[in-house]
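Participant: Residue numbers (numbering that gives the first Met the number 0): 0 to 102.
Hints should not be assumed to be uniformly reliable.
Derived pair list, reagent style DSS-like, types lysine-lysine, alpha-carbon separation capped at 30 angstroms [said to hold, decoys possible]:
id, residue 1, residue 2
1, Lys-16, Lys-39
2, Lys-36, Lys-51
3, Lys-36, Lys-16
4, Lys-36, Lys-81
5, Lys-51, Lys-86
6, Lys-39, Lys-86
7, Lys-86, Lys-16
8, Lys-39, Lys-51
9, Lys-86, Lys-36
10, Lys-16, Lys-81
11, Lys-16, Lys-51
Quick caveat, the hints were computed from the structure, so don't treat them as lab data.
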Amino acid sequence: MGRSLSDILSGEQGDWKAEQFERLWHGRSAKGENPVKASKFRQYIREHVRQKIPDVKSVSRRRDQRKEGSSGHMDESRYFSKEYCRKYWMGELQEEIREAEAY
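Produce the entire structure from the sequences given, and follow the hints as far as they go.
Facilitator: Right, here's the structure in full:
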């Protein structure tokens, strides 16, 4: 019943940011799709994610240490996927890192 104003606003902001990410990822503008803009945005966001990889790896390593039988090998290319880029854009990746560091 009682969603607070901040919950409603953050939900709306999240929807807006998700739409913005999709628009930028595909290079959509008022004039149509622009593959050059899409490529530049992807390069930009992947560079930011790349800089976060050491933090993400340390978080993942801590999780793996808690699991038995973990090989410890991590495929870095998965961090450049659209999913991880979207998590970075939405602030979810940074939040996961902060939570894991606090744990």
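Participant: Now tell me, hint by hint, if it's right for this structure.
Facilitator: Against the structure, the hints come out as follows:
no. : hint              : in the structure
1   : Lys-16 <-> Lys-39 : holds, 18 angstroms
2   : Lys-36 <-> Lys-51 : holds, 23 angstroms
3   : Lys-36 <-> Lys-16 : holds, 18 angstroms
4   : Lys-36 <-> Lys-81 : holds, 16 angstroms
5   : Lys-51 <-> Lys-86 : holds, 12 angstroms
6   : Lys-39 <-> Lys-86 : holds, 18 angstroms
7   : Lys-86 <-> Lys-16 : holds, 11 angstroms
8   : Lys-39 <-> Lys-51 : holds, 19 angstroms
9   : Lys-86 <-> Lys-36 : holds, 20 angstroms
10  : Lys-16 <-> Lys-81 : holds, 15 angstroms
11  : Lys-16 <-> Lys-51 : holds, 20 angstroms
Every hint from the earlier list agrees with this structure, and none is contradicted.
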